[in-house]
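Chemist: Sequence:
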Amino acid sequence: MRRRAKRFTAAWAAAALLCAAGLNAQSGVHAASPEVSGEALAHAAESGTRIIVSAVNVRDSLVAQYGSPVIDGEIDPVWDKARIVEARHASGDTRASAAFRALWDDHALYILAEVKDGSLSMESPLPYEQDSVEIFLDENRDKTKEFGVDDLQFRVNFANVQTIDKGDGSRFYTATRLTDDGYIVEARISLKNKPDNGTVSGIELQVNDAEGAGRIGTLNVFDPTGGAWDDTGLFGEIFFTGKKRGDKSGLNPYDLLNLMKRALSIDYSLYKNPGVVKDAILQVAAANLLGSADVTQEQIDEQYAMLAEAIDALEMTEEAANEKYFTPLPVEYLALSGKPGSIERLSYRTANPDGGMDTKYVNVYLPHGYDASDKNTRYNVLYLMHGMGENENLLFGGPGENRSLKKILDNMMANGDIEPLIVVTPTFYGGKGDIAVFHEELLQDIIPLVETKYNTYAKSASLQDLKASRAHRAFGGFSMGSATTWHIFAHCLDYIKYYMPLSGAGFGLGGSGDAAQTAEFLADVVRKSGYEPHEYYIFSAAGTQDFAYPGLHDQIEAMRQLSDVFPYSSDPAKGNLYFIAGEGGTHTWYWQNQFIYNILPDLFKGES
Numbered sequence: 001m002r003r004r005a006k007r008f009t010a011a012w013a014a015a016a017l018l019c020a021a022g023l024n025a026q027s028g029v030h031a032a033s034p035e036v037s038g039e040a041l042a043h044a045a046e047s048g049t050r051i052i053v054s055a056v057n058v059r060d061s062l063v064a065q066y067g068s069p070v071i072d073g074e075i076d077p078v079w080d081k082a083r084i085v086e087a088r089h090a091s092g093d094t095r096a097s098a099a100f101r102a103l104w105d106d107h108a109l110y111i112l113a114e115v116k117d118g119s120l121s122m123e124s125p126l127p128y129e130q131d132s133v134e135i136f137l138d139e140n141r142d143k144t145k146e147f148g149v150d151d152l153q154f155r156v157n158f159a160n161v162q163t164i165d166k167g168d169g170s171r172f173y174t175a176t177r178l179t180d181d182g183y184i185v186e187a188r189i190s191l192k193n194k195p196d197n198g199t200v201s202g203i204e205l206q207v208n209d210a211e212g213a214g215r216i217g218t219l220n221v222f223d224p225t226g227g228a229w230d231d232t233g234l235f236g237e238i239f240f241t242g243k244k245r246g247d248k249s250g251l252n253p254y255d256l257l258n259l260m261k262r263a264l265s266i267d268y269s270l271y272k273n274p275g276v277v278k279d280a281i282l283q284v285a286a287a288n289l290l291g292s293a294d295v296t297q298e299q300i301d302e303q304y305a306m307l308a309e310a311i312d313a314l315e316m317t318e319e320a321a322n323e324k325y326f327t328p329l330p331v332e333y334l335a336l337s338g339k340p341g342s343i344e345r346l347s348y349r350t351a352n353p354d355g356g357m358d359t360k361y362v363n364v365y366l367p368h369g370y371d372a373s374d375k376n377t378r379y380n381v382l383y384l385m386h387g388m389g390e391n392e393n394l395l396f397g398g399p400g401e402n403r404s405l406k407k408i409l410d411n412m413m414a415n416g417d418i419e420p421l422i423v424v425t426p427t428f429y430g431g432k433g434d435i436a437v438f439h440e441e442l443l444q445d446i447i448p449l450v451e452t453k454y455n456t457y458a459k460s461a462s463l464q465d466l467k468a469s470r471a472h473r474a475f476g477g478f479s480m481g482s483a484t485t486w487h488i489f490a491h492c493l494d495y496i497k498y499y500m501p502l503s504g505a506g507f508g509l510g511g512s513g514d515a516a517q518t519a520e521f522l523a524d525v526v527r528k529s530g531y532e533p534h535e536y537y538i539f540s541a542a543g544t545q546d547f548a549y550p551g552l553h554d555q556i557e558a559m560r561q562l563s564d565v566f567p568y569s570s571d572p573a574k575g576n577l578y579f580i581a582g583e584g585g586t587h588t589w590y591w592q593n594q595f596i597y598n599i600l601p602d603l604f605k606g607e608s
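With this note's numbering as the guide, the letters of the sequence shown map in order to residues 1 to 608.
What the hints contain is simulated information worked out from the structure, not anything from laboratory work. Keep in mind that this is a model prediction, so the values were computed, not measured. Don't be surprised by glycine CBs; every beta carbon is placed ideally from N, CA and C. Among the clues, some could well be false.
[Said to hold, decoys possible] Here are the simulated lysine-lysine pairs, DSS-like style, with alpha carbons at most 27 Å apart:
#: 1; residue 1: Lys261; residue 2: Lys192
#: 2; residue 1: Lys528; residue 2: Lys467
#: 3; residue 1: Lys528; residue 2: Lys574
[As the list claims (entries may be wrong)] What follows is a list of derived Cβ distance ranges for each label pair:
#: 4; residue 1: Ile75; residue 2: Ala320; range: 37 to 45 Å
#: 5; residue 1: Gln299; residue 2: Val200; range: 28 to 36 Å
#: 6; residue 1: Pro601; residue 2: Pro77; range: 45 to 53 Å
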């Protein structure tokens, strides 16, 4: 076993040689000037004319010059052609400073960040509260408030630990290095579309300055508001120029390196045939391509294809197949669907702690083709709760809006991934404002309002009819909404069959908050209810970089031990509980939407 581990290490070491090899860095335009138009820059680059231009032009754009650096934490000479731009907007008590440079080639954007900070920390469990650099990219420069299919938010801390808030992490390759007065980040982001002279994309660059276990401030290049994480319209612009006739991109070993990293992180005990990947890794090393001075991109691509094919050929053991594994959301599911649903807004009155009544609202997603007059077609209903500091408008917005979750639902239904259903977004704010008693408002006000107005399986709002239709009802939520979901499970098992707690444990249940006690409390609820394991389901998820992950994971593991009540399986026909771990996932709706995409096909299976 030790010999095999050494051989794996050797394979990875061979892959690392790519980073040390000279990768054909290209020359291009050396500088740029605010007085020169984009058209003039593009023409000058094509003709080989050298023009002086500053890094930020009059249109507030960062200028990226053509060139392919080696991403290894060292500043190659090719970076000399890229002018430096300082982070201009500081918040909080930061005493750090940061300078950025940008390059591009036919396949990728490259960012160099030089951060001066005398105190570095990664103590916080929240990735954005560690000393780190964030890159926001709006490749198509849509300037939409909400992140779309072409938008991303990547983060890497000074120790080269990556976290992905939005976007495909396989497109991100980084190297970091500590310096006497801070750290350096080199980052490569593969582009979806081939850029050219004159291409303009949206961008924001941010430095998080941490001290101890918290973030004390941020530095930004373009956005003075600190809201770029939620609004691509706040990004600045990056202008691509400097490619002359005959210029070619340097080699791209980074996709292969990322794939090898993935291969080396696989838990091979889960598979019947681990040798197919192990042999492929060794072939990559044995071919000596990675250390060769005359390696070609074609050879690298062949090795990538071989390794990817080997990974796809892995076959899980029966025990491993019992787990539920994360599947990334297809990016096209964030595009507008040709069969869109609609959003309606309903109001209701509910009791508050002072003996009065509050007016509250819910948003209701109705699937494409919903016909109020068609009483023969009935719909399952998912109630989906937001997190702390959010409200009922967070997920869908309101009537006429097309936020990410609505697009995902539209596309899943249009593609036949799930049956059409109704989705309702309530809020725990207002009313009694206590998640521990929100079940009262849900049963007395919200469910009767929704399920008597729309074509659902509830014959009436009576508790008897709500109980009779429980198999067609689900409740889920994110963060504090997840905590609400656990409380709903404890109080509404007679009325709701399916539960989807995301990134939040059962706070306040079971006394001390200990995972085992919470699990026992929930098991007692079930035992007293008299329901059999196939009569209730809990599908849960969290990202591994989410601060809520440890608590929720531990609670699920404790529940898993109570197999008489919570038999664990990815197959709803065999069990009623599973947990999805999103590798690198953080405490954001980007990840929750992906978890919802993974879980929705398992809700209401066989119920219609």
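Chemist: It remains to establish, for every hint, whether it holds in the given structure.
Modeler: Structure-based check of each hint:
1. Lys261 x Lys192: Judged against 27 Å, a Cα distance of about 22 Å means the pair holds.
2. Lys528 x Lys467: Holds: Lys528 and Lys467 sit about 16 Å apart, inside 27 Å.
3. Lys528 x Lys574: holds, 22 Å
4. Ile75 x Ala320: 37 to 45 Å: The hinted range 37 to 45 Å holds for Ile75 and Ala320, with Cβ atoms some 44 Å apart.
5. Gln299 x Val200: 28 to 36 Å: Given a distance of about 34 Å, which is inside 28 to 36 Å, the answer is holds.
6. Pro601 x Pro77: 45 to 53 Å: holds, 52 Å
Checked against the numbered hints given earlier, this structure breaks none of them.
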